[in-house]
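**Student:** Those sequence lines, one after another, are chains Z and W. Under the working numbering, think of the first position of the first sequence as 1, with each following residue one higher. Under the working numbering, think of the first position of the second sequence as 1, with each following residue one higher.
In case anyone wonders, no lab produced these hints; they're calculated from the structure. You may find that some hints are simply not true.
Result set (DSS-like, lysine-lysine): computed pairs, CA atoms no more than 30 Å apart in a straight line [stated by the list, open to error]:
(1) W:LYS83 <-> Z:LYS108
(2) W:LYS108 <-> Z:LYS108
(3) Z:LYS96 <-> W:LYS84
(4) Z:LYS55 <-> W:LYS278
(5) W:LYS108 <-> W:LYS278
(6) Z:LYS192 <-> W:LYS261
(7) Z:LYS108 <-> W:LYS261
(8) W:LYS306 <-> Z:LYS190
(9) W:LYS108 <-> Z:LYS96
(10) W:LYS261 <-> Z:LYS55
(11) W:LYS278 <-> Z:LYS96
(12) Z:LYS192 <-> W:LYS306
(13) Z:LYS108 <-> W:LYS278
(14) W:LYS112 <-> Z:LYS55
(15) W:LYS108 <-> Z:LYS55
(16) Z:LYS108 <-> W:LYS306
Computed footprint of chain Z on chain W; a stretch qualifies when at least three of its residues, placed anywhere within it, have a C-beta under 8 Å from a C-beta of chain Z [unchecked claim]:
(17) 55-68
(18) 88-100
(19) 169-179
(20) 202-209
(21) 269-283
(22) 310-322
(23) 329-335
Model, not experiment: these values are computed from the prediction. Note that CB positions come from ideal geometry on N, CA and C, so glycine has one too.
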Amino acid sequence: MAPEAYGLFPESAPSAADPHMPLTNFDEWGFFIDPNRCIGCRSCVAACAECGTHKGRPMIHLDDMDRLYSPQTAPTVCMHCEDPICAQVCPADAIKRSEDGVVHSSQKPRCIGCQNCELSCPFGVPIVFSGLEQMLKCDLCYDRTSEGLKPMCATVCPSQALLYAPKAEISRMRSAQPVREFLVGGLSVKTKNALMVPDPEAPLFLDAALLIEGDF
Amino acid sequence: MSLSGRLDLEARPILGASLTTLALVGLVALGSRGGRWLDPALLGYLVAALFACFGVAYRYWAWIERPATRMYFGHTIRTLRSKKVLAALPRMGLLALDQLFLQRFIGKRSLKRWGAHALIAWGCLLAFAVTFPLVFGWVRFTSAGLDASRYQAWFFGFPAGAFPLGSVAAFLTFHMLDWAALMVVAGCALAFVRRRQDEGDSATQRFDLDLAPLLLLIAVSVTGLLLTVSISFMQGRNYGTLAFLHELTVILLLLSLPFGKLFHIVQRPAQLGVSLYKAEGEAEGRVACRSCDEPFIRANQLRDLKALYATLDLGAAIHGHGVHHLDLCPRCKRRLLAKAQWQRMGGAFDPFADLPEWAEPIDDPQSLRS
Numbered sequence: 001m002a003p004e005a006y007g008l009f010p011e012s013a014p015s016a017a018d019p020h021m022p023l024t025n026f027d028e029w030g031f032f033i034d035p036n037r038c039i040g041c042r043s044c045v046a047a048c049a050e051c052g053t054h055k056g057r058p059m060i061h062l063d064d065m066d067r068l069y070s071p072q073t074a075p076t077v078c079m080h081c082e083d084p085i086c087a088q089v090c091p092a093d094a095i096k097r098s099e100d101g102v103v104h105s106s107q108k109p110r111c112i113g114c115q116n117c118e119l120s121c122p123f124g125v126p127i128v129f130s131g132l133e134q135m136l137k138c139d140l141c142y143d144r145t146s147e148g149l150k151p152m153c154a155t156v157c158p159s160q161a162l163l164y165a166p167k168a169e170i171s172r173m174r175s176a177q178p179v180r181e182f183l184v185g186g187l188s189v190k191t192k193n194a195l196m197v198p199d200p201e202a203p204l205f206l207d208a209a210l211l212i213e214g215d216f
Numbered sequence: 001m002s003l004s005g006r007l008d009l010e011a012r013p014i015l016g017a018s019l020t021t022l023a024l025v026g027l028v029a030l031g032s033r034g035g036r037w038l039d040p041a042l043l044g045y046l047v048a049a050l051f052a053c054f055g056v057a058y059r060y061w062a063w064i065e066r067p068a069t070r071m072y073f074g075h076t077i078r079t080l081r082s083k084k085v086l087a088a089l090p091r092m093g094l095l096a097l098d099q100l101f102l103q104r105f106i107g108k109r110s111l112k113r114w115g116a117h118a119l120i121a122w123g124c125l126l127a128f129a130v131t132f133p134l135v136f137g138w139v140r141f142t143s144a145g146l147d148a149s150r151y152q153a154w155f156f157g158f159p160a161g162a163f164p165l166g167s168v169a170a171f172l173t174f175h176m177l178d179w180a181a182l183m184v185v186a187g188c189a190l191a192f193v194r195r196r197q198d199e200g201d202s203a204t205q206r207f208d209l210d211l212a213p214l215l216l217l218i219a220v221s222v223t224g225l226l227l228t229v230s231i232s233f234m235q236g237r238n239y240g241t242l243a244f245l246h247e248l249t250v251i252l253l254l255l256s257l258p259f260g261k262l263f264h265i266v267q268r269p270a271q272l273g274v275s276l277y278k279a280e281g282e283a284e285g286r287v288a289c290r291s292c293d294e295p296f297i298r299a300n301q302l303r304d305l306k307a308l309y310a311t312l313d314l315g316a317a318i319h320g321h322g323v324h325h326l327d328l329c330p331r332c333k334r335r336l337l338a339k340a341q342w343q344r345m346g347g348a349f350d351p352f353a354d355l356p357e358w359a360e361p362i363d364d365p366q367s368l369r370s
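Can you build the whole structure from these sequences, using the hints too?
**Tutor:** Printed below as a string of structure tokens:
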């Protein structure tokens, strides 16, 4: 079968292990999130629980925006910040970012379950399990992505609200483009993962007024 | 440039580590009665232990200097110096039993992990409890007076019981390090098997951080056990070489304590302080999210985190209406991200809008009504 037959990514070499699955890598592939596309099927939640680094516990958040007025849901995975606030506020120095830009769950020997990270994350991602005295979070399915496979959630998302794709291809695939800088009030947060917006030149402004004054 | 500058050392941790090491030297002098009862065969271990003490204390002091760590450490110290100490100490005792001794929270992570960790932890602590007092001259054994068939134990220069040579007590006591070594080897083997089976750990583990300490512990234990094998079954053959190898591995382990994974032994008790902090916060009450009005964050933690944000140059995380980002619950932060994207999309594919009242129903020719 010709490589072109593999669909969206003709230049990607098929994996030796599975000829139908193109190999991925951290440098050339990116994670693109488009909450507008989410249809609330919860496939990502089920798939996330299969991840080897947090077995049986889904780390993806699928939130109803406002169930009374809208069926809209929004998936949130870790954005993998360049200078993670969760790590800065960690008293145990337990949260580390590997060289490939992935921010990992807290290190098991160190985490003391204080919840600073859970409360400080700009995107509301980490979860502290008080019985385990440990914070777990999305680590971009490190057991899969470090071996050239896609993250579980992106593999199963039917509407591609969660998309793991070559960065070079994304401009061709979507009209919206990735933004990787966010303004939390006046604080700039740069991330590895991207959110899709029509005008990616300006950072995405997260203002609580949107929640408090606006309605869905 | 000064030596500390070249080594990138900081003044306060150096002072703290120096004082801690001096205190240990003082205790060694006191316990060994001016060094009289120090075992010359163990002097190499003593020097390595003092270096390890300095390194561990330096890292500990540097660690509690971090603003986020100071937030909790300061609270624990304040609690212990206030009247609350009467309620706090019994609580800390119970927590220490549960979290440090029984380590039940590790069992909740995984039973296999708990088994491996318990064997390693208790084996190491038992070995430390035997080795350090012997090395520091705090514990020694002599013949009980003129009776060569009885052993007398001494602790800090005071008699601490006698037992007959060849008794069960003597056998158990003199082989204490063997029991510890067997526990550590079994625990490390279990840890290796578990790491190999665990997809997550296989992907995230690092040789220097996760596997090297296990290998070092096995090396220490096996060389230690070989000393017993040499004496008991090989007429002491190769004892000198084995003793040198054992000393080398132990010194390597001691010198790696400040840098590697085993530093968590001195970090972990911080969990007790965090539990106290949480309990105090629960008593004070939880503050509601500024968006959804659901109580979510303990009042003391909100206060302290805001101060921490200011210290860490994160103070700009303040939205309109004076809402701090910490005033929003994690769920509202996630919803805010989606909402901001939706706004940026200009309402295209607006999932939140109600249908306009003027929208006409679309004719469906297949419908029974038409």
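**Student:** Hint by hint, which ones does the structure fall short of?
**Tutor:** 1, 3, 18, 19
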